[in-house]
Amino acid sequence: MLRRKFLKILTSGLAVFATGLLTSIKTFAEWNQKAFSAKDFNAAINAYFPNQNISESNKIQIGVYDEIENGAVVPIKVETDLNNVNRITIFADKNPNPLIANFNLLKNCVPFVSTRIKVSEPSNIIVVINADNKLYMAKKFIVVHENGCG
Amino acid sequence: MTSTIRLKTKIKNNITTVRAIIRHPMETGFRISNETGKLIPAHYIKKVLVKHNNIIIFSCDWSRAVSKNPYLSLMFGNSKVGDKIEIAWFDTEGNTDILETVI
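Listed in order, the protein sequences are those of chains A and B.
Per my numbering, the first sequence starts with residue 8, numbered consecutively.
Per my numbering, the second sequence starts with residue 33, numbered consecutively.
Since the hints were derived computationally from the structure, they do not count as laboratory data.
There could be a bad hint or two in this list.
[What the hints assert, rightly or not] For lysine-lysine, the following DSSO-like pairs were computed, each having C-alpha atoms within a straight-line distance of at most 27 angstroms: (1) A/84 <-> B/78; (2) A/114 <-> B/44; (3) B/79 <-> B/100; (4) A/147 <-> A/41; (5) A/146 <-> B/78; (6) B/44 <-> B/112; (7) B/70 <-> A/84; (8) A/141 <-> A/46; (9) A/147 <-> B/78; (10) A/46 <-> B/70; (11) B/42 <-> B/79; (12) A/114 <-> B/116; (13) A/84 <-> A/114; (14) A/114 <-> B/79; (15) A/66 <-> A/141; (16) A/46 <-> B/100; (17) A/66 <-> B/116; (18) B/100 <-> A/41; (19) A/147 <-> A/84; (20) B/112 <-> A/46; (21) A/101 <-> A/46; (22) A/101 <-> B/116; (23) A/141 <-> B/78.
[As the list claims (entries may be wrong)] Some chain B residues well away from chain A (every beta-carbon gap over 10 angstroms; in silico): (24) 36; (25) 84; (26) 113; (27) 114.
Just so it is clear, CB atoms sit at the ideal spot from N, CA and C, and this is done for glycine as well.
Assemble the whole structure, with the sequences as input and the hints as a guide.
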């Protein structure tokens with residue numbers, strides 16, 4: 008009896024486990040092919056934020072070293088004093104595909120993200136933030152000595 | 033099989049910091065193999081999802097320009113010790129992995 012109960016719990020648990028996140032991944036599967044495959048910065052930003060005004064902001068902090076030896080691993084941390092942030096997008100303007108990563112902050116998130124990216128050559132790192140449904144951007148120039156995309 | 037995801041959580045004043053490392057090659061498609069002399073095909077994670085108590089709170093769209101063995105850190109509020117955290121990724125070849133843990 009106990010064994011049967013245990014098996015029941017186990018199988019139902021597995022079913023929930025398998026369907027839960029995987030279906031949500033599929034429903035969230037839209038991935039902006041055009042923007043991600045764009046080969047220059049203007050094309051990428053226009054494809055990702057079509058017909059939208061982006062104003063420069065000094066309330067975005069881009070935590071990245073000014074000079075990096077190996078472009079394959081560039082730690083980056085983005086923080087902001089802007090309120091109601093629901094999206095953080097990172098570009099490197101000289102990369103073969105300038106759009107690097109987009110982060111959707113859907114619920115209860117602190118406006119912060121940290122990751123590691125590849126940068127091919129000295130570039131402006133551009134961060135676009137959607138806050139209160141307006142777009143803001145900031146940039147920081149970094150020097151990279153070794154191509155991180157090859 | 034051991035999970036491809038390593039996850040650490042830390043909580044302070046109801047704000048949880050999540051730090052994750054995913055084991056993945058993140059091949060750009062630009063690299064040439066030392067063994068075969070041919071291009072290694074692109075193979076990278078496109079999507080990452082983070083759930084807190086069964087609700088999606090954070091998602092990522094990634095390109096090939098996220099570093100090999102990706103690192104991701106995020107912070108969220110309204111959380112307490114014992115809450116459930118799930119993280120899942122999905123790559124260009126249809127591979128996926130999920131890790132579930134508690135704060």
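These are the hints, each one checked on the structure:
1. A/84 <-> B/78: Roughly 20 angstroms between the alpha carbons, so the hint for residue 84 of chain A and residue 78 of chain B holds.
2. A/114 <-> B/44: Given that 27 angstroms is the threshold and the Cα spacing comes to 18 angstroms, the pair holds.
3. B/79 <-> B/100: This hinted pair holds, its Cα atoms lying about 15 angstroms apart.
4. A/147 <-> A/41: The given pair, whose Cα atoms are some 25 angstroms apart, holds under the 27 angstroms limit.
5. A/146 <-> B/78: holds, 24 angstroms
6. B/44 <-> B/112: Measuring from Cα to Cα gives roughly 9 angstroms; hence the hint holds.
7. B/70 <-> A/84: violated, 35 angstroms
8. A/141 <-> A/46: holds, 25 angstroms
9. A/147 <-> B/78: holds, 25 angstroms
10. A/46 <-> B/70: holds, 23 angstroms
11. B/42 <-> B/79: holds, 24 angstroms
12. A/114 <-> B/116: Satisfied, since the Cα-Cα distance of roughly 15 angstroms is no more than 27 angstroms.
13. A/84 <-> A/114: Cα-Cα ~20 angstroms, so holds.
14. A/114 <-> B/79: holds, 17 angstroms
15. A/66 <-> A/141: Measuring from Cα to Cα gives roughly 13 angstroms; hence the hint holds.
16. A/46 <-> B/100: With a Cα-Cα distance of about 21 angstroms, the restraint between residue 46 of chain A and residue 100 of chain B holds, given a limit of 27 angstroms.
17. A/66 <-> B/116: violated, 32 angstroms
18. B/100 <-> A/41: holds, 23 angstroms
19. A/147 <-> A/84: holds, 12 angstroms
20. B/112 <-> A/46: Violated - the C-alpha atoms of residue 46 of chain A and residue 112 of chain B are around 44 angstroms apart, more than 27 angstroms.
21. A/101 <-> A/46: Given pair residue 101 of chain A, residue 46 of chain A holds - Cα atoms ~9 angstroms apart, limit 27 angstroms.
22. A/101 <-> B/116: violated, 40 angstroms
23. A/141 <-> B/78: Answer holds: residue 141 of chain A to residue 78 of chain B is near 25 angstroms, not above 27 angstroms.
24. 36: holds, 14 angstroms
25. 84: The claim breaks: residue 84 of chain B does not keep its Cβ more than 10 angstroms from every Cβ of chain A (closest is about 7 angstroms).
26. 113: Consistent with the label, residue 113 of chain B stays out of reach of chain A, its closest Cβ about 16 angstroms off (over 10 angstroms).
27. 114: holds, 16 angstroms
In this structure, the hints that do not hold are numbers 7, 17, 20, 22, 25, in rising order.
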